[in-house]
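J.: The lines below spell out each chain.
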Amino acid sequence: MAALKELQRDLENKANDVNKLQKDIAKNHQVRKKYTIQLGENELVLKELDLLNDDANVYKLIGPVLVKQDLAEANANVRKRIEYISAELKRLDATLQDLEEKQNSKKEAIYKLQQRMQSLQAGKGKA
Amino acid sequence: METKKGTVTSLSSMFPADEAQKASRRVQDTIDERQHQLDQLKAFIDDNISLINLVHKLPHETHHNIMVPFGKAAFFPGRLIHTNEFMVLLGDGYYAERTSKQTAEILKRRGTALETQVESLKAIMQDLKAEASFFEITAQESAEGLVEIREDYVEEGSSEALATGRKKFDSILEVDDRKAAVEDDEYTRIFSRISELEKEEEEAEKANESDEDEQTQNELVRSANQISIDQEIKSSQVETSEVPAVSKEKYRPQRYGSSTGNHPAPNSNMMNKAFEVPEEEKRDQTPLTASNTAFTGSIVEHAHDIGKNLTEQQSGARTSKPVSRFKMQRK
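Here the protein sequences line up with chains A and B, keeping their order.
Note that UniProt numbering has the first sequence beginning at 1, numbered continuously upward.
Note that UniProt numbering has the second sequence beginning at 1, numbered continuously upward.
Here chain A stands alone, though its shape is the one from the complex (with noise of 0.2 Å):
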């Protein structure tokens, strides 16, 4: 009895653990379409950046004013952006990765318990 006691307890706090990897992969999922979103948004600005003239004025929004800037500056600017945003994202795929490593073997963690006590209760109702 006791024994099945401590199981159950067992299974619930995997349970926990797996809810909380749900929830962290959710929330994974959610910030890497926002660095996507950003990202498309960025080369975008890259590709408008190469069709300006050498002599445009360029702009960035800082605050509540617009700062002029070098269109040289803005396009290594966004470049730089870029490969952060996809160094992110790869960053984000690799922990993605690993929380859905952690998820399955915490499953099959589940299931050999509630095996266990499946068996333990057939057993206990036998005898």
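Note that these hints are calculated values from the structure, not bench results.
Every residue gets a Cβ at the ideal spot worked out from N, C-alpha and C, and that includes glycine.
Just so you know, not all the hints are guaranteed correct.
[Said to hold, decoys possible] Just the calculated beta-carbon pair ranges, DEER-fashion: (1) Ser50/B - Lys47/A: 20 to 26 Å; (2) Lys101/B - Leu66/A: 21 to 27 Å; (3) His60/B - Leu66/A: 23 to 29 Å; (4) Tyr111/A - Arg150/B: 24 to 30 Å; (5) Thr95/A - Glu33/B: 24 to 30 Å.
Given the structure of chain A, go ahead and fit chain B onto it with the hints provided.
T.: Below, chain B alone, put in the same frame as chain A:
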């Protein structure tokens, strides 16, 4: 062996109707979501188009009298000057000073980007719709109590081989395969030949009493073809020399049977045999080809008879004028 052929599972046990319905509903929800996105994109496109029109129109005047928004609810009258200078938001806080024409170009590019997004979204929605309909059909079928019947496919030859014993299994299978391949090849060749000959026969029948010369020519061509076919078969037999003797015998009746069909034998008795045999053999042999069962001796006997005749007749075909098949029949 015939005890268990397959399994019958009801579809509802694998995919309960309500579960399938749930899945279909979920897919439907995603479709709705996408539809919402699509509507939004379409609204963007419309906005973009009207904006392009406005940007085109603005520089037509040097200034416009407008109501300038002030705060949330207030406006005051003002004048819009510098009508050919635009500050265009490129995205991510970057602005560029552009003329009306350049702005319109930027906006057009943005429009095409939106169009591509719409296209991809539409494709995704189509996929989702297919998925949803699949789920719905599954739900319907399982509600109707459809069953799935699963039967393992056992090849005749391989089952025979199984019966003969595990040790020989692999080698026999191998031989079987090879044999089947060779025989298939032969079958197709023979059938195509037969149909070809039948066509020739029909044509010849139309031109019933016509020139003998042509017929002799035909015959010559035929015999030439026959020789080449024989050679081919021989070579294929050499390839499959590992095939057991029984199966080798099997080739012969087919070959000679069908070939005698092409070459009318000098005596009509022989002729009939030759005509009948191939038909029977074809029917009999098709199911047997893949199996390892021993062949009945009767056809093997035919083979020898016909074989002898064939050699005579082939040599005859080249020297003397052969009698065509339909002529034989008319006699």
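J.: Taking 23 to 29 Å as the hint, is the beta-carbon distance of His60/B and Leu66/A inside that range?
T.: 27 Å Cβ-Cβ, so the 23 to 29 Å window holds.
J.: Is the gap between the beta carbons of Thr95/A and Glu33/B within 24 to 30 Å?
T.: With Cβ atoms ~26 Å apart, the hint holds.
J.: Please check whether Ser50/B and Lys47/A have a Cβ separation lying inside 20 to 26 Å.
T.: holds, 23 Å
J.: May I ask you to test the hint 24 to 30 Å on the CB atoms belonging to Tyr111/A and Arg150/B?
T.: This hint holds: roughly 26 Å between Cβ atoms.
J.: Determine whether the Cβ-Cβ distance between Lys101/B and Leu66/A falls within the hinted range of 21 to 27 Å.
T.: holds, 22 Å
Consistency with the previously given hints is maintained throughout, with no hint failing.
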